[in-house]
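If you read the sequences in order, they're chains V and A.
With the numbering used here as the guide, the letters of the first sequence map in order to residues 1 to 584.
With the numbering used here as the guide, the letters of the second sequence map in order to residues 1 to 439.
Honestly, I wouldn't trust all of these hints.
[Said to hold, decoys possible] Interface residues of chain A toward chain V, partial, derived using beta-carbon atoms under 7 Å: (1) A66; (2) T86; (3) G89; (4) M92; (5) S96; (6) A98; (7) W102; (8) G117; (9) P247; (10) F249; (11) A251.
Bear in mind the hints are in silico, worked out from the structure with no lab data behind them.
All values reported here derive from a predicted model rather than from experimental measurement.
Ideal placement from N, C-alpha and C gives every residue a C-beta, glycine not left out.
The primary structure of each chain is shown beneath.
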Amino acid sequence: MIFLPHNRQSLSDAATLSRGRIMPNIYDILALSIMAAVFVLLAHAAIAMRGSIELLSTAPVTLDPANLPEYAMRTTLRMFAAIIASLIFTFAVATLAAKSRRAEMVIIPALDILQSVPVLGFLTFTVTFFLGLFPGSQLGAECASIFAIFTAQAWNMTFSFYQSLRTVPRDLDEVSRGFGLTAWQRFWRLEAPFAAPGLIWNTMMSMSGGWFFVVASEAITVGDTTVELPGLGSWLALAISKQDFVAVGWAVLAMAILILLYDQLLFRPIVAWADKFRAEQTASQQKPRSWVYDLLRRTRMLKLAGVPLAGGWDRLMLVGAGGPRKAQRPQESRPANRIADRLWLAFIVLLAAAGAAVTVAYIRRTLGWSDVAEVFGGGVATLVRVAVLVALASLIWVPIGVWIGLRPAVAQKVQPLAQFLAAFPANVLFPFVVIAIVITGANPNIWLSPLMILGTQWYILFNVIAGASAFPSDLKEAAAVFKLSSWSWWTKVMLPGIFPYYVTGALTATGGSWNASIVAEVASWGNTHLEAYGLGAYIAKATEAGDFPRVVLGIAVMSLFVTLFNRALWRPLYVFAERRLRLD
Amino acid sequence: MNEFVTATATIANAAPLVEVKGVSQSYDNGQFVVLDDVALTLRASEIVGLLGRSGSGKSTLLRSIAGLIRPTSGSITFEGKPVSGTPDGIAMVFQSFALFPWLTVLQNVELGLEARGIEPAERRKRALEAIDLIGLDGFESAYPKELSGGMRQRVGLARALVVHPKVLLMDEPFSALDVLTAETLRTDLLDLWSEGRMPIESILMVTHNIEEAVLMCDRVLIFSSNPGRVAAEIRIDLPQPRDRLDPAFRALVEDIYERMTARKPVAEPAHEVVEPGIDIVLPRVSTNLLSGLIETVAAEPYRGKADLPPLAASLQLEVDDLFPIAESLQMLHFAELAEGDIQLTEAGMRFAEDEIDDRKRLFAEQLVAHVPLAAHIRRMLDGRANHEAPARRFREELEEHMSEENAEYTLRAITSWARYAELFAYDEKTDMFTLENPS
Numbered sequence: 001m002i003f004l005p006h007n008r009q010s011l012s013d014a015a016t017l018s019r020g021r022i023m024p025n026i027y028d029i030l031a032l033s034i035m036a037a038v039f040v041l042l043a044h045a046a047i048a049m050r051g052s053i054e055l056l057s058t059a060p061v062t063l064d065p066a067n068l069p070e071y072a073m074r075t076t077l078r079m080f081a082a083i084i085a086s087l088i089f090t091f092a093v094a095t096l097a098a099k100s101r102r103a104e105m106v107i108i109p110a111l112d113i114l115q116s117v118p119v120l121g122f123l124t125f126t127v128t129f130f131l132g133l134f135p136g137s138q139l140g141a142e143c144a145s146i147f148a149i150f151t152a153q154a155w156n157m158t159f160s161f162y163q164s165l166r167t168v169p170r171d172l173d174e175v176s177r178g179f180g181l182t183a184w185q186r187f188w189r190l191e192a193p194f195a196a197p198g199l200i201w202n203t204m205m206s207m208s209g210g211w212f213f214v215v216a217s218e219a220i221t222v223g224d225t226t227v228e229l230p231g232l233g234s235w236l237a238l239a240i241s242k243q244d245f246v247a248v249g250w251a252v253l254a255m256a257i258l259i260l261l262y263d264q265l266l267f268r269p270i271v272a273w274a275d276k277f278r279a280e281q282t283a284s285q286q287k288p289r290s291w292v293y294d295l296l297r298r299t300r301m302l303k304l305a306g307v308p309l310a311g312g313w314d315r316l317m318l319v320g321a322g323g324p325r326k327a328q329r330p331q332e333s334r335p336a337n338r339i340a341d342r343l344w345l346a347f348i349v350l351l352a353a354a355g356a357a358v359t360v361a362y363i364r365r366t367l368g369w370s371d372v373a374e375v376f377g378g379g380v381a382t383l384v385r386v387a388v389l390v391a392l393a394s395l396i397w398v399p400i401g402v403w404i405g406l407r408p409a410v411a412q413k414v415q416p417l418a419q420f421l422a423a424f425p426a427n428v429l430f431p432f433v434v435i436a437i438v439i440t441g442a443n444p445n446i447w448l449s450p451l452m453i454l455g456t457q458w459y460i461l462f463n464v465i466a467g468a469s470a471f472p473s474d475l476k477e478a479a480a481v482f483k484l485s486s487w488s489w490w491t492k493v494m495l496p497g498i499f500p501y502y503v504t505g506a507l508t509a510t511g512g513s514w515n516a517s518i519v520a521e522v523a524s525w526g527n528t529h530l531e532a533y534g535l536g537a538y539i540a541k542a543t544e545a546g547d548f549p550r551v552v553l554g555i556a557v558m559s560l561f562v563t564l565f566n567r568a569l570w571r572p573l574y575v576f577a578e579r580r581l582r583l584d
Numbered sequence: 001m002n003e004f005v006t007a008t009a010t011i012a013n014a015a016p017l018v019e020v021k022g023v024s025q026s027y028d029n030g031q032f033v034v035l036d037d038v039a040l041t042l043r044a045s046e047i048v049g050l051l052g053r054s055g056s057g058k059s060t061l062l063r064s065i066a067g068l069i070r071p072t073s074g075s076i077t078f079e080g081k082p083v084s085g086t087p088d089g090i091a092m093v094f095q096s097f098a099l100f101p102w103l104t105v106l107q108n109v110e111l112g113l114e115a116r117g118i119e120p121a122e123r124r125k126r127a128l129e130a131i132d133l134i135g136l137d138g139f140e141s142a143y144p145k146e147l148s149g150g151m152r153q154r155v156g157l158a159r160a161l162v163v164h165p166k167v168l169l170m171d172e173p174f175s176a177l178d179v180l181t182a183e184t185l186r187t188d189l190l191d192l193w194s195e196g197r198m199p200i201e202s203i204l205m206v207t208h209n210i211e212e213a214v215l216m217c218d219r220v221l222i223f224s225s226n227p228g229r230v231a232a233e234i235r236i237d238l239p240q241p242r243d244r245l246d247p248a249f250r251a252l253v254e255d256i257y258e259r260m261t262a263r264k265p266v267a268e269p270a271h272e273v274v275e276p277g278i279d280i281v282l283p284r285v286s287t288n289l290l291s292g293l294i295e296t297v298a299a300e301p302y303r304g305k306a307d308l309p310p311l312a313a314s315l316q317l318e319v320d321d322l323f324p325i326a327e328s329l330q331m332l333h334f335a336e337l338a339e340g341d342i343q344l345t346e347a348g349m350r351f352a353e354d355e356i357d358d359r360k361r362l363f364a365e366q367l368v369a370h371v372p373l374a375a376h377i378r379r380m381l382d383g384r385a386n387h388e389a390p391a392r393r394f395r396e397e398l399e400e401h402m403s404e405e406n407a408e409y410t411l412r413a414i415t416s417w418a419r420y421a422e423l424f425a426y427d428e429k430t431d432m433f434t435l436e437n438p439s
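For reference, chain A alone in the conformation it holds in the complex (with noise of 0.2 Å):
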């Protein structure tokens, strides 16, 4: 098990271990696309970070490369071979755990090994093993339901290992942990991968912690999200362990922010859109989380400009947390992202110095002038006779533009902003939206 002596200064060299070519996945018949056109190298003894926000299909390319989902073209192969099945050499650790609740430590463990065909003494001698090495002994015969996330995760580890794997393919494996189990499990699988202890010659893990990611990785490939595209690739070269308060780390984080709040060329609508600018799916972001974020960039020490990477890191947000919610204050131009940075514009900063009835009228203002649904619904009713029109209508118009489940979700987050702007109401009883609050 220890004949992976690191070997970093030979991975260009490597033959690849998987490859990823030209793939795309789209749904509908090429309606909704979630990849396009991706291409990507793993090799042996490199850890490869995939880096974006939700919707960038990060995830369902590591699905792709394992083998549960087939793109809707291009190419994977393992070894040199297309990836057909889930191949025997690729085992997946899971953000969720995904444990058998009803299975012992031990029996999750064995439940790989079981499905190869091992026989149970062998099958246990190696559970046994992988159950050590990712420090888990004592807790043989205890149910997942007893055991804390931290340890959890250590048995999804466990039972990735011990089908002896080369590739590892991780999906986000500590963001469902507290800050201080996260930083020791990622201490501690570092510790076994420097230490070549794992029998295993590559991973590739989904992140959306850019912190973890120049932490852990060897390369780190940046998606762009809408469709996910690989918009950059950085090559980490610094040795391991890696120091968090190092100037070189704190560059490359500050760097990958950068890159990840540049600007997008606008893209060209892919039909004819008949409302103008509808067809943007809306994130659904808390009005608390909105006028917090304004607050707290208006106030000391940041009065007004706050570089992302601190100000994630006090706040203890990750990408996934932060960019929506400073997203949504670029869209409703109360912000403006640039160069890794957020700075409120006039509006914001006026906002922060508002009382709450100041407050929600500034924010109707910016919802019709900025967001195009907003304004369409408002239109809507204020051109009806009984200021009510049927939430189905716009769910059906949104359709045409998106999937089911998107529509619906932007939709309920116009409903939320709408309501606390006090710009119309909806009313869940019969799917109205309508211009009367109830007295």
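Chain V extracted, bound-state conformation (with noise of 0.2 Å):
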């Protein structure tokens, strides 16, 4: 995996440690204990993940707090499953890409419109897929849980992985091919290490945006078939049936604890390690910390056991090497047959479209004109939604964001917590506004609108942040000097500095609050059902009623907004940011 550590420094310290005490030190007790405990809790977890499926209602999830470590435990097992198979999916897949031309042709396009399909509503299919796969056993559902996160993480990382792939600098390419080294070396000397800092940063990424999935994942109803996973998604569902407050309130602690402990425990760690593989050439100013990082580091006994580990992943790298080189590859290294292009293109064009008319014609068979148009208006009205709820966001958050970045001392205290904030589901909060929606008797056309951004505006602020910290300090003392009036400080000065950055916030925040919007739009309280006008409405009954054909024009509808809307507003937006407004 792209985490194990091939830092030979370990060696030679090891052989200055067996000079001296074997006793283990403090930190390796305090190390070890934590190791021991992960691994018991993973073992347990695991096994319970096979059981059978009857034990979903001879045992089903209770309101029990003493149940609510193993309930988070289980959780994070699918989140840990999902992003394992991300990464997998992620080096098989854009490794095929960068290599293969005709592999790329297909892949990058039909990656860019899976980033734009609604996450949720995959799980119509797969639940029902997965559930005949492994009749009788729970697996069928964790699968499709896990299948549900998974697709909310894996294309961004993939994409990231695939760009770097591209983009090795040449000169340590010429080294790799000077010196012959065999693919398994280049993979993991040259292109895994190049790629890390921007895979970790999207596997962060995909993490956050994660938790909300596998919240939203556990309890599903597709149509008759109902299946609830003991976890912390089941626990919030029946805490919500059953209008128990104190319970959802349980859920939120329980929630806010793991994301703090994997957070502290898996991340900052990791960040802290790869901090190595940036590839820029000068030392950084501020090194990313990591306590968990700098605790392993200090161990004695983990160190000497990681001895054996090195020398083994050091015989790996010899795998095949020494032996006779392969030829030499000509300049354009890709080489282009016109010819077999074209074809290629044309088959692939064949098959997209034999699966458009197979869709239509699916579709048609139940559904006429008028259903299309009222799914076009649902989604008119949730782009409505987004796009305002994005503004206002925006209004709220850009200066905020200013006034943090601008003050180091600040910063550093906020960031993490709006990097938490992201990381956080929000739906495990959405019982809090619909209980004061249900009790005012507000309008949920507009009330619950603010529960589609209530977890995905963090990003437009932590962007904001990271955009106002990295401004030039010249440049800020040059608007100083000047004396600029406050209005062409804001238009001259900071906005269009911090512009590339909130570029990224936003298009990640309209993304997320899309998703969202296929559970924020309806809503329950016990028996009370709220339900706002709106394509993700549309999706969640339909889901819930087992209408795959409606589902599915759903899923294409709100596929085409997203995909529209990237294109005609994010992508010029992020050009832009590119050519006129880079600080470097």
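Make one complex out of these two single chains by using the hints.
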């Protein structure tokens, strides 16, 4: 896996250590106990995952706080299974796209569309599919849930890795070829490390998004099939249907602790470790820090235990090395064969056309033009909601983000908090808003909308903070020297300066909001059901009714809206930001 | 490791290590020729330099020998066998150092050995030897970003030497370093070479620096550009260590400058050109550099005529920096280049004395008179009622005669000159050339 440390420094450290005391030090004991606990819990949950499907009905989810740690554990495990699947997918598919031009012609546009498909829409089909695949076992339902999370995580990671593979620095590529590195060595010595910073950042973003979907995908109703997997999502669904206010509070607390642990124990250490892969040739001023990473580095026994691992890794690097060299590649490493390309392209177009025809035929069997009109109407309603909410969130968070970003001391404290909030699944908080609407009798068409952006607005905030922090101080000083009015300071100095960051944040927030609309436009509290008019509500209702043609139509139209929105608005803004507003 | 006692006397009879015959390299089905029918022989115990301006294909030739690029035609043999793939006996040092930022110095040096499947213990031993040889002791566990440029290039050298190559290829190895560091590295390398402590038999290096070539090489091949050809071969028999102030040394430097400023016979255009003269790739030289050089040559002690080697030395410019400026002046008829000298024309002298507005007017006149592309664009703009024309139109016209990249480059160069001369303006948002200057 990408996280395998190939830090040979540890070898020489181990050599010096072996001359000294062998006794474990205090850091060893700390690290060992943490690791042992993680392994025990993992094993327990993994066994439970393979349990019989009957267990779900004989031992249903209960609102007993004693069960909460177990549920949190199961939820986390699904999350990690999905992220591992996403990484494997990333390595395989991105590598294929980068090395084969024909594969690239299919994979890249496909990924672009898949990114826009509402993830929760997949559930309808995958639950049915996976339950059929593992009859009588919970594994089917588990797979469906994991697959839903996977579809929320994989695409941007794959894109990032593919882009890194295509932009490997030319001189490093020449060194690798000059020395005749095997493809295996080239991958681990050149490509994977070069891609690591981008991939790790994207994995973090994916994980943050994933919590939302793990909660949404555990308690699933598709037509007559209802599955409630033990986990925080099911706990929450049960609490909502029983109108148990305290239980919702417990879920919020458990989620907060879970995300805090995952952040401290896993991601900060990885980010601190991955700092060395950044390709800049200058020593950076601010190194990311992590107490867990420092702890691991101070251990003695663990390091000794790592020596054989490192040795094995070294040996693995030599597989196939030293053999005869491959013949050299010509200058254009991916030669173009025009006719074969055309044929291949024609084949893909035909395949896509056939797929579209089948889909249209399927939908037309039960649905007519009036349904299409209805879906488009809902799409426009949701589009208006998303646009208004992103605009409102920008109005609020851009000034605050700039204020924070310009004050390093504040930014240092707020930035982790904003990232934490982005990871926190907002659907856990939905019940509070729903209760408020029920009590006040407010219009759900308006007041359910903020739920869509509840979890995604933080992307705008932390990207703007990052942009303002990175704003060059000489430009700030120049603005101060010329005593710019506050209007020109915003329009000529700060807004252009943070614009590329803002676009990234707003794009992520928009995508997330579309996805959230499926859970946000329909909400319930006990027997009270609230519904807003929109495409999200349409898909949610169709899913619950097991009405596949309507689900397909809804998803297709939503994908269309998202793709068009991206092409018409975000991509031009991105290009503009890249061309005109880059500060390096 | 010390069996390579210097054997300069036997160079001529030694069997060739690398033999390049009739090598050409072109792109887009022969439309853009980078290398044209190049021959080269590299024997044991010699350092050979490839000298020329950018675009003369020296780096392409070096990469062909390393097996990184396959030439369009011609043959390259290493130890009598045709080069296919990257040969084991050849290693390369890069201008950009090309170190892996995530590997320590030791890991970087071990990389080539790892590729050959050598066991970790043996690898470490050999890497430490190379690190020791090249003067990097104590830096083994450092990451490249912690090192200075000079130290980084030492890592690059150690990494190349550790695989015990017979031929060391160096692509402008010192040009990214400051003057003092570069000199230290050159001297260290020459010391190791003359003491026979490096496990290599021969060095082939690309350079832009004429003095560096004369200081280090036994033979220098001078390349002409567009397309790259070997224009001359100069043998340098001065004993090592060489003294830059030695009259014989100076004479050689002067000789090379003369050869490099020699007027090329005007090449016949390869295909029919609709607008004569617009098929020239223009150098992108700032007008500040142009006026700077004019002022320097016009002032004391040169008074309108300067010998290029001392001029280059006093300005701390290498061939690749100085020649484009001098050639641009020649193209604009502000100066003449001949026999290693630069002499200002009457227009050049006038430019040096003028105030800013007169300078701009004079520059515009020279631009229209002597750069066909500038005249062409201006004529087009004058002819149109709204005095506007899309830049795309000219880009496409240029692409008929040069690569896409060069067309873009040339258009940018002409835009910057025309803006200075206020000959026409360019609006980046709309990608249009216009006659209107923003008011």
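Against the structure, the hints:
| no. | hint | result |
| --- | --- | --- |
| 1 | A66 | holds (6 Å) |
| 2 | T86 | holds (5 Å) |
| 3 | G89 | violated (12 Å) |
| 4 | M92 | holds (5 Å) |
| 5 | S96 | holds (5 Å) |
| 6 | A98 | holds (4 Å) |
| 7 | W102 | holds (4 Å) |
| 8 | G117 | holds (3 Å) |
| 9 | P247 | violated (40 Å) |
| 10 | F249 | violated (33 Å) |
| 11 | A251 | violated (37 Å) |
Checked against the numbered hints given earlier, the structure breaks hints 3, 9, 10 and 11 and satisfies all the rest.
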